[in-house]
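**Student:** Line order of the protein sequences matches chains A and B. Take the working numbering: the final residue in the first sequence is number 202, and no numbers are missing along the way. Take the working numbering: the final residue in the second sequence is number 202, and no numbers are missing along the way.
Among the hints, a few may not be true.
In this list, chains with the same sequence are indistinguishable; a pair is considered to hold if it fits within one copy or across any two.
Derived SDA-like pairs: lysine to any residue, alpha-carbon spacing no greater than 20 Å straight-line [to be verified]:
#, residue 1, residue 2
1, 130, 104
2, 122, 111
3, 130, 51
4, 130, 40
Calculated directly from the structure, the hints in this document are not laboratory data.
One letter stands for each residue in the lines below.
There are 2 protein chains.
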Amino acid sequence: MFTLYDYLPSGNGYKVRLVLRQLELPFRYIEIDILRGESRSSGFLSRNPNGKIPTLEYAPGAFLSESNAIMYYLAIDSHLMPSDRLHQAQVMQWLFFEQYSHEPYIAVSRFLLTHGELDDEKRAVLMQKKPGGEAALRVMNQHLEDRQYFVAEQYTIADIGLYAYTHVAAEGGFDLAHWPAIQAWLERVARQPLHCRITDQF
Amino acid sequence: MFTLYDYLPSGNGYKVRLVLRQLELPFRYIEIDILRGESRSSGFLSRNPNGKIPTLEYAPGAFLSESNAIMYYLAIDSHLMPSDRLHQAQVMQWLFFEQYSHEPYIAVSRFLLTHGELDDEKRAVLMQKKPGGEAALRVMNQHLEDRQYFVAEQYTIADIGLYAYTHVAAEGGFDLAHWPAIQAWLERVARQPLHCRITDQF
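If we strip away everything but chain A, and leave its shape as in the complex, we get (with noise of 0.2 Å):
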């Protein structure tokens, strides 16, 4: 059975989570808590040394990391991937989208404005984001104006990825109301068989 690692906030974990339930591998879950530093002590580095959850150990003291990577493993044969190399790499595209061009500035924004108290230093830094944030919610709208998914027109990790983090933009101080067709995407995604929420416990 595959372990999770993981901290329950984190989009990137719920990357992982979704795939393993909507495949429906069960699997047991390790609450690291990476505010308390848990995720850069001794015992996790062995297990990652890029000290970051989440981290699948997928057999016993074998370990992969990277979200998007570990959703490929778990999805490459299965109805959440295209299987024409074509389609596989225009998910991978909107995978490394979301890593450089997203993450850094929705997922940042998010976790400033809701771990901590708000001061000058981290107000300055939402303001040094929120042009990248909003260029990154602009390419997806106009991708999705004139599709259901992100890829084939199927459900992939594509969508799970970008899902991840999009949800909950808000939190992070972006207002999804200026992205009707992001919002049409996330209603679709969350109608998926065996949709879970990013805060469902394990």
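Starting from the known structure of chain A, arrange chain B on it as the hints suggest.
**Tutor:** Below, chain B without anything else, positioned relative to chain A:
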């Protein structure tokens, strides 16, 4: 034939050029001068709405972006990618590590030091980028201490993805003399058949 929209000094572009060359795939090269805003022109945005090079035209009027997704598309059935799912996921793990934990520190520092005058604002950003870049190099060096290549002891797109900005890390102010396992690996990568340099013209 493929058409690559790219900018010669870009390490992200170099990844794709190296894969195209090592797989002996002919391509047309179109230079996009990002310093002159050519990646933000309406013509280019119609090819990649996220406004980033490299972008591959894989069929007339059809485009794929994100360097690591393009490498995946080109290499998936080749000797540059392992054939089993676990090793493929490990390749993806290192490519996501590269885009999230390596490129934003080392590539951005290199860009700041090689483009334009160095002022106080840039110096402050470089100071902020230093610990993240050193942490990425530490993770890589540790992994390479008992390995020849990043995944499955074969040369893959994980090596190409990490080589692109690591071999020019000194241009970003990072001293590779601290990391002997990385240095030995860089030499192994540079000895691969059909290797080319980042500045080689097409």
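**Student:** Hint by hint, note whether the structure agrees.
**Tutor:** Comparing the hints with the structure gives:
no.: 1; hint: 130 - 104; result: both (11 Å within a copy, 17 Å between copies)
no.: 2; hint: 122 - 111; result: within (11 Å within a copy, 26 Å between copies)
no.: 3; hint: 130 - 51; result: between (27 Å within a copy, 18 Å between copies)
no.: 4; hint: 130 - 40; result: between (29 Å within a copy, 19 Å between copies)
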